[in-house]
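Residues per chain, in single letters:
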Amino acid sequence: MIVVIVTAAVLFGAGAIAALWRIIRGPSALDRIIASDVLIATAMCALGAEMAINRHTDTLPVLLGLALFTVVGSVSVARFISTRDDT
Amino acid sequence: MSGSGSGPAGSNGSRSRLRRARLASGLIPFLGLVLLWMLLWGQFTWLAFATGLVLAFIVSVVFYLPAVRLSGRFNGGRALLFLGRLIADVVVASVQIAWSALNPGYRPSNAILTVQLATRSDLLMTFTAVAVGLVPGSIVLDIDRDAGILHLHALNVASAADVPALKRSVSAAERRLILAMGSADDLARLAKSASMSEGRAG
Amino acid sequence: MTGDGVRDVITAVLVLLSAFLCFAAGVGLIRFTDVLSRLHAATKPQILGLMAIVADVAVSNPSVSTITLAFAIVFFQSLTAPMAAHMVGRAAYRTGHFRSDILVADDLGPFIPPHGGKS
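Residue numbers (UniProt numbering), protein chains in the order written: chain A, 1 to 87; chain B, 1 to 202; chain C, 1 to 119.
These are calculated hints, taken from the structure and not from any lab test. Check the hints yourself; a few may be wrong.
Said to hold, decoys possible - Sample of chain C residues at the chain A side, in silico, Cβ under 7 Å: (1) A12; (2) G26; (3) A91.
C-beta: ideal position from N, C-alpha, C; glycine also.
Input sequences plus hints: build the corresponding full structure.
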């Protein structure tokens, strides 16, 4: 099991760092929104993986909250960008 | 937000049918809200049901939205078929795109395409768009609601020759959805467009 | 791996699948060349990765409340993720944040000019 945990941690970490790099570098604001979505999805998956491995369900409501409300950020920024460039 | 197909209710029978359809259109989302509340609490008790009823009532009064026009037809087996196929599509497409991200010889080649939908129902159009957006590799860029046209962006389209196959796969997803819960009107339009495309191919 | 070995194997496989998808999304985010392509990379861990991990949690402690909450999470994520992708994609198309030289076909061109039109 320890091999699985280490492998998963490395993969999650690499994915999160890649997303972070895109947030810092991203040429446009849209790149940054997409990258932060990926970062949140990675965090959700990592939280879930921890729950599955340790056999508890304490952070399941956190996943629900994130699934519900991450969309608000990307939708509002996307809307702001498309209306600003329309004028 | 009145749909394009709604004429003035003529005879008495059609009016009572309209009223019944409107009642069902209001009741099903309401019961959906109650069910959702019970899902969130993870318990199916009378207490959860009662608080759910109260909250669903408050939500539907305070956050009033125009009524969804339901077709009044629902085929459970077809809906399961649609869901199963959707999940299979998501798995296959996820693996494909993961591969193209990791493949060292990746060359970008995308396409923007338009698909003419058979349905005129806002609800089915939305469901089709969500189903298309769920499958990695295709994103809905824009919807022309009056003409029923979906504009998509697709990843990894090798050449313009692959575009018709992609359009067909979107139409097939819509077809499964209409067979599951479309109105009789949509079914007729589907049959007509299917026979037309067969005639063109033959 | 003793006792309930089958459950351990399922847990391990699903965790690794989800981790792999997150990793591939990160790589895609770096390697893909324009906003719309990166958007495709981003939808993978949001949907299949989360489905896998939530199914995993439901398998490792099966109870009514866990399974219903798992359904609710997958339901909301699969309802909101395409919406966010659509909004970002539309903004990207209308503001011209994409490379038209890697498109093999563009049907939308004649319908909406990238810089014009009202929402």
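Hints and how they fare:
1. A12: At 4 Å from the nearest chain A Cβ, A12(C) passes the 7 Å test, so the hint holds.
2. G26: Cβ of G26(C) sits 3 Å from chain A, so the hint holds.
3. A91: holds (4 Å)
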